[in-house]
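J.: One-letter residues, chain by chain:
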Amino acid sequence: MAKRVVIVGGGAAGMQTALELKSRGIEPVIVERDIELGGKARGWHKLFPSFTPAGDIMRPLADRIRAERIRCFYGQEVTAISSDGVMLRSGERMPADAVVIATGFTLFDAHRKQEYGYGLYDNVITSVDLERMMNSGKVLLADGSEPRRIAILHCVGSRDEKVCQKHCSKVCCITGVKQAIELKEMFPTADVFNFYMDIRMFGPGYEELYREAQQRYNVHFVRGRISEAAETINKRIQIKAEDTLTGRPLKMTVDMLVLLVGMSANYENEALASTAGLSLAPNGYFKANDSFLGVVRSEREGIFFAGAATAPKSLADTLAEAALTASMVDEYLKNRYNEK
Amino acid sequence: MTFFAPFTIPFIVGGLFMFAVVALKWSLWIVRLPRVDRRLIRHNFFTRETLIAVWEVVRESLLHVRIFRVNPLLGFMHMSLAFGWFLLIVVGWIETTAYLGWQWVPLQGHVFFKYFMPINGIVGDIHLFEHLMDALLLMVLTGVALAWYKRVRSKAMGMRRTTKHVLFDRVALSALWFIFPARLVAESLTAAVHGGGGFLTGSIGHWLQTLLGADVLHSLYEPAWWFYSTALGVFFVAMPFSRYMHIFTEIPLIFLRRWKLHPTAERKSYDRFEVEACSRCGICIDPCQLQADLGMNDTQSVYFLRDRRYNMLSLKVANNCLMCGRCEQQCPVGINLATLRLNSRAKRRNIPHEGRFKYLRGVDHSSGSGRVGYFAGCMTSLTPAVQRSMQHIFSVAGEDVWYADRDGGVCCGRPLMLSGETDAARKMVAYNTDLFRRHEIDVLVTSCPICLKVFRESYRLDGIEVLHHSEYIDRLIASGRIKVQTETRTFAYHDPCELGRGCGIYDEPRRVIGAVGRLLEPRHTRRDALCCGASLANTVIDDGQQQRIAQRMTDELVATNCDTIVTACPLCNKAISRAAGQPTEDIAEIVAKNIIV
Amino acid sequence: MRNLNFGYGISRPRAIDMDNNDLRKSNAIIHEMPELQACIGCGSCTASCTAGGITDFNFRKLHTAVRRGEYRGAYEELNKCMLCGKCRLVCPRGINTRAMVMLIKRKLGDY
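If you read the protein sequences in the order shown, they are chains A, B and C.
Residue 206 in my numbering sits at position 206 of the first sequence, and the numbers go up by one each step.
Add 1000 to a position in the second sequence, counting from 1, and you land on the number used in my numbering.
Add 2000 to a position in the third sequence, counting from 1, and you land on the number used in my numbering.
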């Protein structure tokens, strides 16, 4: 009989792990909190650095899950994890031979940085809001007009100890570059300013895209973090930063302020980790067994990780890691049941 | 009778020394008082205040009523020691007079009366005084026993931690602990040898008589009195240099305070009365969150006053205080702890150069016009929801508002004062006062309790009423100028230190919240409310430590199971939002959301 | 050009001479508050600065210069600070900027 693996979370990491396991003759079961698969990548417009529509990646994954008849439980929340199964909020126990934690991350709540006025000023939006707007085909100001001057602020809820987010969310820099280009393509005459502390272009093609944004799209990069934003009478946003490269305070009024919100650890991680006997990293993410060969292994036998449950990751990294997770699970099951 | 025996020498020498030192200290402090303070004394000497002070001395220096409020057992301990000893002296005096009539008896004659007149009982043979004196001795001994017990188990006295003492304190304390047991032994031995004694010393004497031979009793007799006298002598010598100086300092302090003397931003001679009036009882340690949350044990008011008194105050101790006022609230002596801490910082170099803040000249970023001025405060620009809500409330109320700092203002000066730069702060005060006057406002509303406190205490704004926005909104609602609807949310309110303990504003915010929804209170509330840790007064603790303090106080707010945490200070707002992981709302926000347009 | 010239208005060699700059005071400052080294130069302190809104005061540049052993004029510059504490509230690295102003003034000034 096929060994059964419960995968907690049906986002990119969970789906990819399930498919890889299935191809190895293992029976995956996905438990998803939401009412459908896809996780955070669902509803995303285009992916960096190639501007591939997110749907082109995510839709086939979901289709294959269906085609492979992988069992999925929707609207079910996992409350406890052990190597031989999970407990659901409903009180039902779901036995398994191994468990994969693919619970991902939580988007940083931009309301927590009140000084940027998210939820307060009409034309302050997050990077996620912008993707949704682009998906709907219209990026407009609250009054329905087109933005002519846009500021994109990096590191909102990342590298900020004042909101207890010490880590770098990794993907925002390149997302900011990608969105700046998209905005410029949409509004070629608009001015787009990216406000950053450091630009971290770690992936293949990222640095090239950065340069393209600068040179080909004339996106302005200002090295300085916006300290506060205010709304003018005509609903424009007045921002304050230091242009650290000239060493002078900078004030400017923009039509739209986009906050590149970072990735936070899930609030539930703590409770889940304690039921599973796992520990968390200081930033609240699950702690991987080690940084090299055990990146998808947990401190407990039979419990594995996939994707952003252990740290902020790009979609590409997540998908690659999920394949590794499946292989590690396979190896574990083989070792364990051959021994018996 | 000469009333002299060699064993009384330690007592006499110690006593004379003590009175000489105390007299010297008093006169030096008084002589060095600034002219303003001396004038106040002259002015208020023959007033009712003096009589009130007498009563306060009885209540606080003898009965220790305020300590009873902290913990009854602790109060009893202090009372039985102070009041008991006092009565021993007074009743002893009466006893001597009763037996000897109105004749002059030297001090040691009163104190060692039992030695000089072992068998009395002249008054109708009923040994009235002996029983009375024994009862008083028992009272003091109970106090001593409790003091011993407190050393072992402070929790029983409502104190989690007690004071760590300096050498002089230890000497004086040890001597004090021996004085009354020594007296008991000496008087009991006297009763054993000569007979007599009250219910306590008499009984013990009788028991000693049956236990020990006459020779032994006689050989112990003199040493016991020597020991008693020596314990007194040692205590008297150590006393003016130890914490027990508080006995003789609190009394003049009470009078001076009643005569309206008070410490100021600059150090002065009066401070000595306050500093040395500290008995180091340690009641200030437990309320201190630096102790409770961070485990710091060297910076509480008791240690600060100790260090300042012995001239060993470090910059770190002076600066390591949130100035939340929680300890001052509980201080049984009523010492102005915050002001003393402040002027300790102020002693450091203060006037850098004349041109400081010259750049303020001619600056005016204000906008609008109206008789009501709104000063949001520096921090409020980081909580724009407060500013917007206030603007909305002003417009619904139809108020014409002059905005002092909507496009950037000048700091109120309190942060500089808190850091000891009083002179520099005066330039801010002068700048802002001039700004307010030039725009001819009648009312000044501020959203920052830090600004509020300095506007009220250090600005001369006669003719301009200074209000915190919670007071202002409360008035708008009361007078019907704005109407609010009630929503179903529950609100837990956090009292900002500067607003509550600092300015005594507790009810107005609560009334405003009550008008909008249901108010919930955390465990520590009002006068007892915890500090958010973000206080500008403390420059020593780091970000992580601030966060730990914020977390502990936020946990209490979260424990109310409220829907929303509400506060009335931008700094508290930031600290709580961070600890709670979700936005906190200001009083102004919840009103603006529910205002009926 | 005045603003690019550090604002002190005193001419000085163009390069920061790390071979000859005396770093003893700088090291003493960092020794007392190592968190100053955690600055990532985001400029939030300067952007939010109350004094910086009125005059050319730049805390980020100042403390960076001090850390490089460039002390001249720093004390006088720091006296422009109103100590209002906004910078501490916005610093993403949680640096105790107010204490830092006081510390640098104490080490470089005469009090």
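The set of hints was computed from the structure by calculation and includes no laboratory data.
Take the hints with a grain of salt, since some may be wrong.
Unchecked claim - Here are some chain C residues pointing at chain B (derived, C-beta under 7 Å):
1. Asn-2027
2. Gln-2037
3. Met-2082
4. Cys-2084
5. Lys-2086
Glycine included, each C-beta is placed from N, C-alpha and C at the ideal position.
J.: What are the numbers of the hints that this structure violates, sorted from low to high?
T.: 1, 2
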